[in-house]
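Peer 1: Take a look at the letters that make up each chain.
Number of protein chains: 2
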Amino acid sequence: MELFKALTVLESCREIARHMIIPRRSKTVPLRDSLGYRLFEDTLSADDVPGFNRSTMDGFAVRARDTFGASESLPAYLDIAGEVFMGKDVFGAAGPGKAWRIPTGGMLPQGCDAVVMVEYTEELDQRTIGVTRPVAPGENIVRRGEDISTGELTVARGRVIRPQEMGALAAAGITSVKVEDPLSIAIISTGDEVVDAEKTPGPGQVRDINSYSLFGMAARVGAAPRLCGIIGDDYRRLKEAMESVITESDVIILSGGSSVGTRDVSARVIESLGNPGILFHGISVKPGKPTIGAVVAGKPVFGLPGHPVSAMVVFILMVEPLIRLGRYPDSEDEFLKDFPVTAAITRNLRSAAGREDFVRVSLRHQDGKVLADPVLGKSGLIATMANADGLARIPHSLEGIEAGDMVRIKLI
Amino acid sequence: MELFKALTVLESCREIARHMIIPRRSKTVPLRDSLGYRLFEDTLSADDVPGFNRSTMDGFAVRARDTFGASESLPAYLDIAGEVFMGKDVFGAAGPGKAWRIPTGGMLPQGCDAVVMVEYTEELDQRTIGVTRPVAPGENIVRRGEDISTGELTVARGRVIRPQEMGALAAAGITSVKVEDPLSIAIISTGDEVVDAEKTPGPGQVRDINSYSLFGMAARVGAAPRLCGIIGDDYRRLKEAMESVITESDVIILSGGSSVGTRDVSARVIESLGNPGILFHGISVKPGKPTIGAVVAGKPVFGLPGHPVSAMVVFILMVEPLIRLGRYPDSEDEFLKDFPVTAAITRNLRSAAGREDFVRVSLRHQDGKVLADPVLGKSGLIATMANADGLARIPHSLEGIEAGDMVRIKLI
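Those sequence lines, one after another, are chains D and V. For the record, in the first sequence the residue sitting at position 395 is 395 according to the numbering used here, with numbers rising by one throughout. For the record, in the second sequence the residue sitting at position 289 is 289 according to the numbering used here, with numbers rising by one throughout.
Each hint should be verified, as a subset may be incorrect.
Once the Cα atoms are required to be at most 30 Å apart in a straight line, the calculated BS3-like pairs of lysine-lysine come out as [to be verified]:
| hint | chain 1 | residue 1 | chain 2 | residue 2 |
| --- | --- | --- | --- | --- |
| 1 | D | Lys88 | V | Lys337 |
| 2 | V | Lys239 | D | Lys369 |
| 3 | D | Lys337 | D | Lys410 |
| 4 | D | Lys369 | D | Lys286 |
| 5 | V | Lys337 | D | Lys378 |
| 6 | D | Lys286 | V | Lys369 |
| 7 | D | Lys88 | V | Lys369 |
| 8 | D | Lys88 | V | Lys239 |
| 9 | D | Lys337 | V | Lys199 |
| 10 | D | Lys410 | V | Lys337 |
| 11 | D | Lys178 | D | Lys27 |
| 12 | D | Lys199 | D | Lys378 |
| 13 | V | Lys239 | D | Lys337 |
| 14 | D | Lys199 | D | Lys178 |
| 15 | V | Lys410 | V | Lys337 |
| 16 | V | Lys289 | V | Lys378 |
| 17 | V | Lys27 | V | Lys337 |
Honestly, the hints are just simulated from the structure, not real lab data.
Make a model of the complete structure from these sequences and hints.
Peer 2: Printed below as a string of structure tokens:
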């Protein structure tokens, strides 16, 4: 069935990348609603964080040198010059032999460069303390700008905003952020046998699974998915639908068409839409072999297999990176960053040299090791996907793996 | 500072669990919008999936026994009785020596029990094929109900809905789902020094980081967070705020108050609200030691440290499971399920026996191994959190770990 020699997943992605034009649109959102978006531009801090030398302990702010040599038997005696209150400016400046009461988080008086923990002081009277242990300059404080300094890159362009990035941006006073406007992903199910999930299928009919699972996958990685319904294996109707969809979306996903005739309809429609059209028809991956990859007017168009599992796997491999990064990984190493778990497979699995396999696995931990149990069951069954924690990769260089071999796993 | 002996994280969670009453409210959402919710009840399939014996190949539907003994030199000859069309009922029934043209996904005629791939047939004329290889009963087909059968549990109560669960539910015809109404989490920042992130801090003041990072963390795991603003270290004002918040929220998070005085205000307010009140004050964890845990009127109340990193770590350990599961993990094993990555730490790290440490790490892969580099920098700095991929756990039984030791990691 392949019009071209079957490419690997990475080669297929590179083919798409050579022709696609992924738009970079921005929008501005309040920091509070920014979770999961990708930053559109570098964010620089307008201020030092913290804005002052800050105590990390309850104790006394001092000049460190005034405590040098202090010990329990020979304390350093200091005058209590005042008290620091949270969130307040400090009056007076440090001088030889002076100490200020200071709470955790308080601002060090001018000239003080360390804090003595209250545990290492003894109060002799209301005006005098003895320090029983020396402190080094900088001890028990965070210096002005030590967390984030003025003009410093707080969060880099392209980073996905997690809760900690929200925190860092808040610290830098950035409460509205310019983010990349998510890619819009059009999702079309094809096939004369497919009916809406709300309907009761008649003889020979099946419910539309892919619209839901692909919608969920696109939404999970931050895209703006759009369900465009079910279209039968009809050249004219599919072409009409695609023509309207392609002007309104950044990426177009067709799924369905596992039979030769059906795949032909999708392929012919895609070819008719514009250049460069179909780049490959069939990739050396399992599941997901009969995938069509195309670019039309700069927009990636994917013809995913109708099998729900194959469709999800190919979506994970070829559409997810595009949504998450706005581009394809540069290298196998970058591609594999998305497979953070390493585990020992618990069964022998066959593969074919030159083909990359992705095996559904469930994970368990035993004696400090992570074990990946292949999920059994026929490959087309959606239930096997619901029972899986991850996808384990068998690289195309191998003809299989043996129980105990380590595999890289993407959590799904 | 501890009013009680410091508990471990798990012991602390158990203390909270003994007194808390977590509401189970449901709401119904369209399947399309169900991503990330937890199912409120078991979902049973009303139908068989697929609803008919279905071909997984392009070829001919046959009675397997009619092909037994067939070979290239001695093909089994069969009459072409008709053609199966996608999504259509089939007319006629199988009889000895009959075959139907069938596409992948097509419905097998009554009495057929296997499909011969087109590659293993030769068409002699329009009415006759030769089968050159036998098929076993069930070969190249998915049987009716083999994916999901009528009355079968499709997705169990309590499961978080991922894209594959959306697909399985769609397959079973369940297009609106009863899900658990997310817990509402009230988030209050305390401290005289804390100002809104939109403001430029004056001398001694710092911006409110925790409201944003905790809001993000709660939202990420599917809770309904509510920002309740910043309240100074004022007993009356904090008590008023807490009294109103506690009636409207399921879980209450205070953060702030790393100094003794500030913590006292939070503690006194929590104690004043009702029974059983404070259950522990200080846990044996780093960072996050000065955490207050309380239950008031069945609702968990957490007094998190003011340090942004400590607050996030304790949130991850003590609040996240509650949001994700609606309860605390039953065992250390279940607790550790949330730490799916195992990696080799790349530096020696000290800890204290009896204390559990959580170390920010960045991950890299090298020679088939996962390496965890501790993120350096003072522990209170939010920037260290933004540079981290995960939290590595040093169990309380250890006094430290050495470079090369394996650690469990939660991705953050």
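Peer 1: Would you mind marking each hint as holding or not holding in the structure?
Peer 2: Taking the hints in turn, this is what the structure says about them:
For a cut-off of 30 Å, the pair hint linking Lys88 of chain D to Lys337 of chain V is broken: about 45 Å separates their Cα positions. For the given pair, Lys239 of chain V sits about 48 Å from Lys369 of chain D by alpha-carbon distance, which is inconsistent with the 30 Å threshold. Of the supplied pair hints, the one linking Lys337 of chain D and Lys410 of chain D holds, its CA atoms being roughly 9 Å apart against a limit of 30 Å. For the hint pairing Lys369 of chain D with Lys286 of chain D, the CA-to-CA distance comes to about 27 Å; that is within 30 Å, so the pair holds.
For the hint linking Lys337 of chain V to Lys378 of chain D, the alpha-carbon distance of about 27 Å falls within 30 Å, and the restraint holds. Restraint check: the Cα-Cα separation between Lys286 of chain D and Lys369 of chain V comes to about 25 Å, which is no more than 30 Å; the hinted pair holds. Using a Cα cut-off of 30 Å, the hinted pair Lys88 of chain D and Lys369 of chain V is violated, with the two alpha carbons roughly 50 Å apart. Under the criterion of a C-alpha separation no larger than 30 Å, the hint pairing Lys88 of chain D with Lys239 of chain V is consistent with the structure, at around 23 Å.
The suggested pairing of Lys337 of chain D with Lys199 of chain V is violated, with an alpha-carbon distance near 38 Å, which exceeds 30 Å. For a cut-off of 30 Å, the pair hint linking Lys410 of chain D to Lys337 of chain V stands: about 15 Å separates their Cα positions. For the suggested pair Lys178 of chain D and Lys27 of chain D, the alpha carbons sit about 6 Å apart, so the restraint of at most 30 Å is met. For the proposed pair Lys199 of chain D and Lys378 of chain D, the alpha carbon gap of about 25 Å is at most 30 Å, so the pair holds.
Note on Lys239 of chain V and Lys337 of chain D: the hinted pairing is violated, with a Cα-Cα distance of about 47 Å set against a maximum of 30 Å. Restraint check for Lys199 of chain D and Lys178 of chain D: the C-alpha separation of about 42 Å exceeds 30 Å, so the hint is violated. The suggested pairing of Lys410 of chain V with Lys337 of chain V holds, with an alpha-carbon distance near 9 Å, which does not exceed 30 Å. Distance restraint check for Lys289 of chain V and Lys378 of chain V: the Cα-Cα separation of roughly 16 Å lies within the 30 Å cut-off, and the hinted pair is therefore satisfied.
Restraint check for Lys27 of chain V and Lys337 of chain V: satisfied, since their Cα atoms lie roughly 28 Å apart, inside the 30 Å limit.
Hint compliance for this structure: hints 1, 2, 7, 9, 13, 14 are broken, all remaining hints hold.
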